[in-house]
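Residue numbers (this note's numbering), protein chains in the order written: chain A, 5 to 182; chain B, -12 to 226.
Hints are not guaranteed to be accurate.
Unchecked claim - Pairs of lysine-lysine, BS3-like flavour, derived with a Cα cap of 25 Å:
(1) B/Lys79 - B/Lys54
(2) A/Lys13 - B/Lys203
(3) A/Lys62 - B/Lys39
(4) B/Lys39 - B/Lys8
(5) A/Lys7 - B/Lys8
(6) B/Lys203 - B/Lys79
(7) A/Lys57 - B/Lys203
(8) B/Lys39 - B/Lys(-7)
(9) A/Lys113 - A/Lys57
(10) A/Lys57 - B/Lys39
(11) A/Lys7 - B/Lys79
(12) B/Lys115 - A/Lys13
(13) B/Lys203 - B/Lys115
(14) A/Lys62 - A/Lys45
(15) B/Lys8 - A/Lys57
(16) A/Lys33 - A/Lys62
(17) A/Lys45 - A/Lys33
(18) A/Lys72 - A/Lys45
(19) B/Lys203 - A/Lys7
(20) B/Lys87 - A/Lys57
(21) A/Lys113 - B/Lys218
(22) B/Lys115 - A/Lys57
(23) A/Lys72 - B/Lys54
(24) A/Lys57 - A/Lys13
(25) B/Lys92 - B/Lys115
(26) B/Lys(-7) - A/Lys7
(27) B/Lys218 - A/Lys13
(28) B/Lys92 - B/Lys54
(29) A/Lys45 - A/Lys13
(30) A/Lys72 - A/Lys33
Simulated from the structure, these hints should not be mistaken for lab results.
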Amino acid sequence: MRKFNIPHKFELITIIELYAQWIREGKLKVNSDWNKEIGAKFTVQDPCNIARKSGSNKIVDDLRFVVKTVVGEENFIDTVPNRINNFCCGGGGGALQAGFPEQRRAYGKIKYDQIMATGADYVIAPCHNCHGQIEDIGHHYGGNYHVVHLWTILCLAMGCLADTERTYLGPDLAEVGL
Amino acid sequence: MVEAIKIDRLDVELKDEVLDKIPDANFDLCLTCGTCTGGCPATEQFGMDPRKLIRMLNFGMDDEIIKSDWKWVCSMCGRCQLACPMNINIPKLIFNIRNKVPRDKRPRGILGSCDQHIRTGSAMGAAKEDFEFTVLDVAEEIREDHAGFEDLEVTVDRVGAQMVLNQNSREPVTEPEEMGPLWKVLHTVGADWTYPSVMWAGENYCMFLADDEGWKYIIEEFVLHVDNNLKSPLVVNTE
Ligand code: SF4
Ligand code: SF4
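Isolated chain A, as found in the complex (with noise of 0.2 Å):
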């Protein structure tokens, strides 16, 4: 809209942002209880969209309260660098689809290279090209991380994650609140 010069009366925000509205108002109330005991650790991949192309790290840095809120704190292993000097994971900008697989895996293996010094067993990613290309280079370079939705987590903390929407999730956390 900006680039066109589109008039539009509405507002643009992200869902990240509402998520740590709403549990900041109290509307949504999570925590890392489900957490304490199994400990499993999470890292996120910041969106080259919503991080460095958004200006500033506000809203990545509302994606990080609301992880550390749901994880635990202790539970969360940044990335370096990150937020809005974070490396894309290679799979932005067409690159999943642009029929170059081969030099866009040798673009991930710095993101591969980065999840794994994390030691995370998931990773958050919160975009869906963000999500395909580390699910590619973790298959790729054998990496045994799994990535996942925000959402996922969200239910899972709120307890009301279905057996039917765990898909992504690893067989620590499969039956976790069922």
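Dock chain B with the ligands against chain A, hints included.
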């Protein structure tokens, strides 16, 4: 005797053309410091890197630039520009190089997704009727089977809802059950929301394809629908 290259005699058509569109792209200010290249994950693929690209652009090596497939490996992530001391706009340069390739010669996967989106409202080709059918169907299942969500409400095109949500088409098309957790969160906080039937999908392959016209069309249709028909004050990007 080696002759010095006379810069004023260089033919730099591509550079001039792109600078016409993005006057503040700063290509002439490149210090050749290599900061961009050091931090770019696409460096070395197809023998290219961002500094080299700017050099080639400034030397007028237009054919080589346009021919290289590197423009589809660079993800236009913007990391180079953030680090560049001269704020050189490499991502937009890439976009404009992609734009130089005849539309039907651009990668088939991206092209197909862009065309589908223009035609049906989503890159995976699910028309609005299919989308509406799927979400209402999944919502019904949740109401029946998931305790605590008997009065879950999911609507398409509900006029006056406080927020309009987009949805990546991967969910309704290939894994509809993944929409449930999102709806449960919205339900729990009492959000007043709806999906739009027009250009409901969150992805935008026409942007990746560097198809200005298609991209603009998709956004215009969406804006018109939300502003004029749904009249919602808030649009929520779900990714
Ligand atoms: S970082 Fe900027 S100035 Fe340095 S080589 Fe790259 S484009 Fe040129
Ligand atoms: S925008 Fe392209 S050139 Fe710049 S850092 Fe990202 S992948 Fe590299």
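Each hint tested on the structure:
no., hint, result
1, B/Lys79 - B/Lys54, "holds, 17 Å"
2, A/Lys13 - B/Lys203, "holds, 17 Å"
3, A/Lys62 - B/Lys39, "violated, 33 Å"
4, B/Lys39 - B/Lys8, "holds, 22 Å"
5, A/Lys7 - B/Lys8, "holds, 12 Å"
6, B/Lys203 - B/Lys79, "holds, 16 Å"
7, A/Lys57 - B/Lys203, "holds, 19 Å"
8, B/Lys39 - B/Lys(-7), "holds, 19 Å"
9, A/Lys113 - A/Lys57, "holds, 22 Å"
10, A/Lys57 - B/Lys39, "holds, 23 Å"
11, A/Lys7 - B/Lys79, "holds, 11 Å"
12, B/Lys115 - A/Lys13, "holds, 23 Å"
13, B/Lys203 - B/Lys115, "holds, 19 Å"
14, A/Lys62 - A/Lys45, "holds, 23 Å"
15, B/Lys8 - A/Lys57, "holds, 20 Å"
16, A/Lys33 - A/Lys62, "holds, 22 Å"
17, A/Lys45 - A/Lys33, "holds, 21 Å"
18, A/Lys72 - A/Lys45, "holds, 11 Å"
19, B/Lys203 - A/Lys7, "holds, 9 Å"
20, B/Lys87 - A/Lys57, "holds, 24 Å"
21, A/Lys113 - B/Lys218, "violated, 45 Å"
22, B/Lys115 - A/Lys57, "violated, 30 Å"
23, A/Lys72 - B/Lys54, "violated, 46 Å"
24, A/Lys57 - A/Lys13, "holds, 22 Å"
25, B/Lys92 - B/Lys115, "violated, 29 Å"
26, B/Lys(-7) - A/Lys7, "violated, 36 Å"
27, B/Lys218 - A/Lys13, "holds, 9 Å"
28, B/Lys92 - B/Lys54, "holds, 11 Å"
29, A/Lys45 - A/Lys13, "violated, 41 Å"
30, A/Lys72 - A/Lys33, "holds, 14 Å"
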